[in-house]
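A.B. asks: Chains as they are written, first to last, in our numbering: chain F, 1 to 399; chain D, 1 to 372.
Just so you know, the hints here were simulated from the structure itself, not pulled from any lab data. Small disclaimer: the values here were computed from a predicted structure and weren't measured. A few of these clues could be false.
[Stated by the list, open to error] List of simulated lysine-lysine pairs, DSSO-like, C-alpha gap at most 30 Å:
hint, chain 1, residue 1, chain 2, residue 2
1, D, Lys247, F, Lys399
2, D, Lys288, F, Lys248
3, D, Lys347, F, Lys294
4, F, Lys268, D, Lys368
5, D, Lys368, F, Lys294
6, F, Lys267, D, Lys368
7, D, Lys13, D, Lys368
8, F, Lys294, D, Lys370
9, F, Lys191, F, Lys120
10, D, Lys23, D, Lys10
11, F, Lys294, D, Lys304
12, D, Lys288, F, Lys391
13, D, Lys247, F, Lys391
14, F, Lys268, D, Lys370
15, D, Lys175, D, Lys108
16, D, Lys10, F, Lys267
17, F, Lys267, F, Lys368
18, D, Lys23, F, Lys294
19, F, Lys368, F, Lys357
20, D, Lys43, D, Lys130
21, F, Lys46, F, Lys267
22, F, Lys368, D, Lys370
23, F, Lys317, D, Lys247
24, D, Lys304, F, Lys317
25, F, Lys72, F, Lys233
26, D, Lys288, D, Lys370
27, F, Lys294, D, Lys288
28, F, Lys267, D, Lys307
29, F, Lys267, F, Lys230
30, F, Lys317, D, Lys13
31, F, Lys175, F, Lys213
32, F, Lys268, D, Lys307
33, F, Lys191, F, Lys131
34, F, Lys188, F, Lys131
35, F, Lys268, D, Lys304
36, F, Lys33, D, Lys140
37, D, Lys347, D, Lys140
38, F, Lys294, D, Lys130
39, F, Lys391, D, Lys192
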Amino acid sequence: METKISISLSDFRTETRAWLEANCPESMRQPVKDPFDVYWGGRNSKFKSNDQKLWFERMLEKRWVVPYWETKYGGGGLTSEENNILVQEMTRLGCRKPLYSFGISMLGPALLNFASEDQKLYYLPQIVEGKIWWCQGYSEPNAGSDLASLKTKAIDKGDHYEITGSKVWTSYADKSDWIFCLVRTDFKATKHNGISFILIDMASKGVSTRPIKLISGKSPFCETFFDGVKVPKENLIGNLNEGWTIAKYLLTHERQMIGGIGETDIKKEVHSVALENLPLNNYGIISDGVLRNKIADFEMDEEIFDLTIQRVTDEAKTGNNSGALSSFFKFYGTELNIARYELLMAIGGSEALFWGKNEKSDGDLARKFCRSKGNSIEGGTSEIQLNIISKLILGLPTK
Amino acid sequence: MALILTEEQKMLKDSATELLTVKSPVIKMRELRDSKFIPFDPKLWEEMVDMGWTALTVPESYNGLDFGFVGLGQILEETGRNLSKSPLISSILLGGSALRLSDNETLKTKLFPGVMEGINQLAFAIQEGKHHQTKSFTTKAILEKGNYIINGSKTIVIDGATATHLIVVCMVDDKISLFLVDAKTKGITISKTILMDSGTYADIAFKNVKVSAQNRLNIKLDGRLLLDQLMAIAYTGISAELLGICKQAFDVTVQYLKERQQFGVIIGTYQALQHRAAILFSEIELCKSIVLKALQAIDINDSKTLKYAHLAKAKLGKTSKLVTSEAIQLHGGIGVTDDADIGFYLKRARVAQQLFGDYNYHLHQLAKIKGY
């Protein structure tokens, strides 16, 4: 029996590889330079190129946009082994994702775990088909790290809720069709107990957005305002006043993404960049010994961090899983990314400071460096992650 | 290969925890120190032999268990937790592995039984100056009428004063060779040294020491290759011990933070201290991964074994200094008294991180391997 399974998995790999080679256009196998090199879907969707359209349509027809969801929800119904093979083969060929979507990465998992069957059957296929561009409404101007103190209120008006308040750091809110939101539905309960999880059509009357410009000079982030927005009651996901459970689940999920788990982009090694840009001594070794040490120390941690992702993933397969470890990954992974940009800036010298394109550079590094400073803040600051580690993993007492 | 322990490896680790926490907790180490630095308790060594720990990494063809280095690593980790003293590092991790890697079948057949029984105790003599290095050595062996004549001196030989046999790294012409030498051979002068971990080490001088050519460990094998493979085992094994030291020093410290009161509150409620503990936790998570990876690499003969070993010793060298120093600081005044055990962890970590190269050495090697 076991041989049979492994034979069929190896067949699956061969078929997958052949199909991808035949169907993924060459231009869709190039590294992603700009987020919009990948299709985002949505009501006002536009393909950036014919190849992008072709690639999405072929993957949709093959049911591989979200290969691991059940077929009744529009997925491909692949087992986790098959899905791993598909991911490996796509990575090997450098295939871009057919669709970028917070619907797939964030809302989908929440719906699968907490929504009613009717809601799943309604929303999930639309996510797969790229019909709706989703954004996430969590943080508020006065509820950043202390997310549970959020104040956007949903008032029960019989057949609908009336929503008033504002959200901040909503990525691509100005381009999104719908938003999944945390709102306060019980004003007397303790702060964690009066929150609900609700879906809102951004085309509803009373919704408006305003982009936020970051120190990097650009940003997908927006502020989103709700002024007495009418939302049907069936848009509530999970139980009333139990939205915090969903929020926590998604935050764990988000931390893993920011911390690097599931990331397939291959980053250039820092020492390779250094060898191309720094003076070397007669032995071909970086002359600046201090910088060389820092690079070596960083690469030591980077490589061992990757091994740690592998170890914890392998442990999780044996049922040994601690959700709080996602705080460790978020903390360590983002601090490493920040350290990486600090080193790249040092290696780049004055040319790393260019702001915009010129003959010598695309001027992107300084912006990315600025952007990396947000990594240890978004998705819960490093300090919040350390709080979680000390309380949930180490069991240190609170006052 | 999954980066986790197998059920058998877990069972071995549990049995090590069981034996060492009962028979060799930290207080035993204190007793040995207070009895004029007795190197180790022979009864504990007998029990280790009975448990089969001395046979774990000996091939089956020599009646060993061939259980692998992941297994030995688990035991070394537990000896780190309990600061248990024994010839496991000198005679098994170093000496036994040198024999294992040797292509001198006659010597292996002769020596392995006594090593597994714990009667033959090997010590590995490599270091000559203040720092570990493997490039070249001043100790020389010259062939004369079927025997080698060894001249030179070695330092910081672990258990060098109690071992029955020495394995000596020498230069034959300009190539590396390893020799097995009876510790009682004429011309050998052994002087005992005590280091800050209360361990017994030796400076050993070789003056016209005559060794049979049959005692050379590398016959056809390149001595450089043998030494590199042996060093990967040494770096990784010591890293496994350092991991145990880090884990225990950290656990004890977190427990202390939960109990100690100042200003009427438990000090573990202070965020400044919580964050320091959480950072140590994170660093130890990384240490666990690299130690296991490096151990597995030895067992499967991975082509990157030496790189993983450098990574392990670099990371554990750095982290063990951080964790044990923080452990003292978080203990406060009690941490710097001899009454508290936590100081023993600082002192053993300082020695172990220096043995076979510290963080600086291994980081430098890593950069060299990657060509920068």
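A.B. asks: Among the hints numbered above, which are violated by the structure, and what are their numbers in rising order?
C.D. replies: Numbers 7, 16, 18, 20, 29, 33, 34, 36, 37 and 39, in rising order.
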